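Colleague: Listed here are the chains, written in short residue letters.
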Amino acid sequence: MTDSKGILIPTKVPITRRNALKGLAAAGGLIAAPGFVRYAQAESSSPIRIGFQSHRTGIGAAYGRWYERTTSAAIKAINAAGGINGRPVEVIIEDDGTDAGRGAEVVAKFAKQHKTDIVYGTLFSNVVIGSAPTAGELKIPYYVVSEGYHVASGKLNRWCLQPGITDVRAQVTSVAPWVAANLGKKITMVFPDYAFGYDHRDYLPPALEKAGAEVVAKIAIPPTESSFTKYFPQIPSETEVIYHVMVGPAVLTFVKELGEFYGSNGPKLFGFIDSLEAVDINSPGLEYIDGSHFWEGSPRYSQPNDTDAEKAYRAAVGIDDNGASVDDPKDVSTAAHMFGCWETLYVIKQAMEDAGYKGPQDRAKLVEATEALTKFAEGPEHPQGPKIFNGKIHQVFGIQNISKLEGGRLNVVHKTAIEDGMYEPEADYTTMPL
Amino acid sequence: MRDIAPARFYALHLAVIAVLFALNFLLPAYHHGLMARILVLAVFAMGYNMLFGYAGLLSLGHSMFFAAGLYGAGLAVVHLGWGAPPAFAAGLACGAVLSLVIGLLSLRTSGVAFMIVTMMFAQVFYLAILYFAPWTGGDQGLVVPRQARVLTIGDQPFDLADPQVRYLTALALFAAVLLACLALVRSRYGRVLVAIRENEERTTMLGYDTFSNKLAAVVVSGTICAAAGAAYALLFGYVGSNFAGVQYSILPLLWVLVGGAATTLGPLLGTLTMYYVIDVASGYTTAYLLVVGVVLILLVLFFPKGILGSVRQRWLGWLP
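Chains as they are written, first to last, in full-length UniProt numbering: chain A, 1 to 434; chain B, 1 to 320.
Note that these hints are calculated values from the structure, not bench results.
Since the model is a prediction, treat every value here as computed from it, not as a measurement.
Please note that the accuracy of each hint is not assured.
Selected chain A positions facing chain B (Cβ under 10 Å, derived; list incomplete) [as the list claims (entries may be wrong)]:
1. Ala-111
2. Lys-112
3. Tyr-231
Far from chain B by the CB rule (all over 10 Å, computed), these chain A residues [what the hints assert, rightly or not]:
4. Pro-47
5. Arg-56
6. Asp-95
7. Tyr-198
8. Arg-363
9. Glu-371
10. Gly-407
Glycine included, each C-beta is placed from N, C-alpha and C at the ideal position.
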């Protein structure tokens with residue numbers, strides 16, 4: 001579906017006699033060169049067009065819906081403050097169906113038909129990886145909000161960037177020391193048997209070992225599985241913590257069956273909220289996870305120490321204290337991830353302004369300007385927290401939240417430091433030609 | 001099929017190829033790129049049509065043949081460092097071998113059982129891709145390196161990612177498969193397949209080995225689908241498990257049904273129609289699959305044999 005959002009707010013410039021004379025002279029010059037007029041006018045006042053590759057249908061639809069709301073709120077705020085380089089911003093939305101093949105077509109459609117300046121907003125890793133070659137071939141900057149370790153791994157291309165959300169490798173590395181210090185030293189991992197699970201499988205054990213803990217079992221669950229009881233006997237009795245990452249609707253069954261298996265004497269639980277994004281944490285069947293801990297990129301529930309920037313962000317996007325839509329308390333957000341849309345758009349704004357971006361001819365300069373960014377301070381543009389950007393691997397690093405589910409809400413009990421998640425870069429996109 | 005001079009068939013098909021060639025210079029950039037993709041997927045549909053349209057065997061597992069070509073070519077490039085031509089050949093070989101094995105096993109069944117067995121084999125293939133994730137990239141898939149996507153003819157390298165080269169390569173593959181299919185369905189072998197479709201028992205009684213003929217149809221069909229998959233990997237640079245999913249088994253069936261089963265040009269028309277219905281409808285509503293459903297219902301009501309099938313039935317009885 002195609003959609004446009006954009007508010008034109010003219011910037012106010014004080015008019016003096018000198019400015020007026022300069023303006024008249026410039027206008028006269030332009031009138032004398034009619035061929036130039038349309039071009040100049042088009043570039044100075046025409047909107048900057050951002051192609052939003054959205055998961056409106058398919059498995060990512062719940063994320064897509066909230067990514068759109070966050071994007072809409074951020075664009076409204078950016079336009080209200082004068083747009084980018086004084087130009088309004090317009091978002092064109094196309095549905096990729098959360099499908100890698102369609103994703104690539106959508107990127108081509110943005111570049112060739114909608115003629116957007118950039119493409120932005122993709123979450124699911126398969127769509128990112130499927131679309132990346134097309135973005136590289138068409139030389140259009142592709143800003144993803146995906147959290148996969150694909151961009152940072154170096155296996156994509158120089159046109160792919162992830163400056164608004166941390167990747168799974170960093171998230172896992174950040175939380176491991178806290179898990180080891182506070183929950184237990186012997187950990188059993190339960191994860192989906194596909195790529196998202198593998199990032200956890202590969203990067204958690206070394207981080208735990210460094211923290212003096214160990215993974216005693218790794219249980220990979222096939223993606224087609226709908227019942228989990230048969231896997232639970234594989235959990236060693238010495239297990240102190242079950243680290244679970246069960247993405248998809250099966251999580252409700254997983255939690256229920258885990259509760260039936262262990263009763264009240266099971267190991268402690270630590271999970272990634274990805275499984276429960278857009279799901280009411282107080283849904284029937286989830287009682288067993290009460291008292292357990294979760295990773296959250298950004299907290300779903302408002303916290304007592306929320307900054308003004310965080311409060312303003314939540315109000316702008318339209319989520320209440322419980323992380324649900326202010327219009328419908330049952331419409332729970334994907335708060336742990338969608339902040340990445342807001343922050344990515346502000347990174348794009350900063351990079352476009354640094355590059356003096358005027359149009360598609362400056363796309364390469366825009367990539368270079370993004371690569372040159374190093375730090376983002378916490379504030380209205382980055383409400384989740386401060387960030388460090390590594391231009392070589394096109395990946396941002398930030399703080400992570402560990403929350404405890406108690407009293408029917410998730411309370412943040414620990415915030416990691418940015419440095420906790422940083423790792424040695426394995427690639428350098430800046431050496432690739434643009 | 002009425003007795004029409006062969007020149008007429010070939011003239012029609014060559015004219016279609018000529019129009020597609022002209023479109024290379026006429027289409028706007030986006031539609032040019034989309035058309036290249038449609039041509040490759042039309043090859044997939046033509047492969048499906050060989051089995052479904054002519055031999056009357058409804059498979060629900062053809063995504064595995066497309067994926068065999070896709071991964072055969074893609075993995076040869078990524079892990080073995082092969083160039084585009086040998087990688088394409090590897091994709092073809094994977095499709096041929098897989099279809100031979102699947103044919104030998106699944107042709108022991110027929111009708112609904114054949115549909116279920118092919119679907120289950122495709123599911124096994126899909127899960128195997130996920131299982132061997134360290135090599136296949138699992139559900140995320142793999143990017144085929146740009147530097148390997150080059151076709152060298154003589155001393156002249158052609159970048160397969162270049163829009164012109166990509167379109168013309170896709171068209172060359174499409175044209176070759178189209179003419180081969182035309183020759184095949186007009187041959188004695190093609191008529192035997194139609195005979196099997198219409199009445200297998202009578203064909204057996206006439207002295208034909210229907211199992212061998214059907215097996216050959218599965219292999220031809222699977223190899224053509226693999227050619228499409230291998231071309232997709234090399235032209236578009238991505239290899240992913242979604243192409244092995246059940247959706248990509250249903251899609252060629254729909255493309256063929258829309259265009260007209262057992263018509264040589266139906267798969268192209270069906271793929272083109274479905275692609276543009278989705279592309280245009282998705283610009284207006286998120287319920288575009290509902291629009292697709294309505295279009296399919298209308299087609300069944302007014303063109304039960306697909307677009308070209310109905311045209312052949314009502315007006316142009318000589319269409320192959």
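Colleague: If a hint holds in the structure, say so; if it does not, say that too.
Modeller: Results of checking the hints against the structure:
1. The restraint placing Ala-111 (chain A) at the interface with chain B holds, with a minimum CB-CB distance near 8 Å, inside the 10 Å limit.
2. The interface hint given for Lys-112 (chain A) holds, since its Cβ lies 4 Å from the closest Cβ of chain B, which is under the 10 Å cut-off.
3. Because the smallest distance between the Cβ of Tyr-231 (chain A) and any Cβ of chain B comes to about 16 Å, over 10 Å, the interface hint for this residue is violated.
4. Every beta carbon of chain B lies more than 10 Å from that of Pro-47 (chain A), the smallest distance being close to 19 Å; the non-interface claim holds.
5. Once the 10 Å rule is applied to beta carbons, Arg-56 (chain A) is inconsistent with being away from chain B; the minimum gap is 5 Å.
6. With a least CB separation of 5 Å from chain B, Asp-95 (chain A) falls inside the 10 Å interface cut-off, contrary to its annotation.
7. Its beta-carbon lying about 6 Å from the closest one in chain B, Tyr-198 (chain A) breaks the requirement of being farther than 10 Å from that chain.
8. At the 10 Å boundary, the C-beta of Arg-363 (chain A) stays outside the reach of chain B, the nearest C-beta of that chain being 16 Å off.
9. Remark: the non-interface label on Glu-371 (chain A) is consistent with the geometry, its nearest Cβ contact in chain B lying 20 Å away (cut-off 10 Å).
10. Separation of Gly-407 (chain A) from chain B is adequate, the least Cβ-Cβ distance of about 36 Å exceeding the 10 Å criterion.
Figure legend: structure checked against the earlier numbered hints; hints not met, in rising order: 3, 5, 6 and 7.
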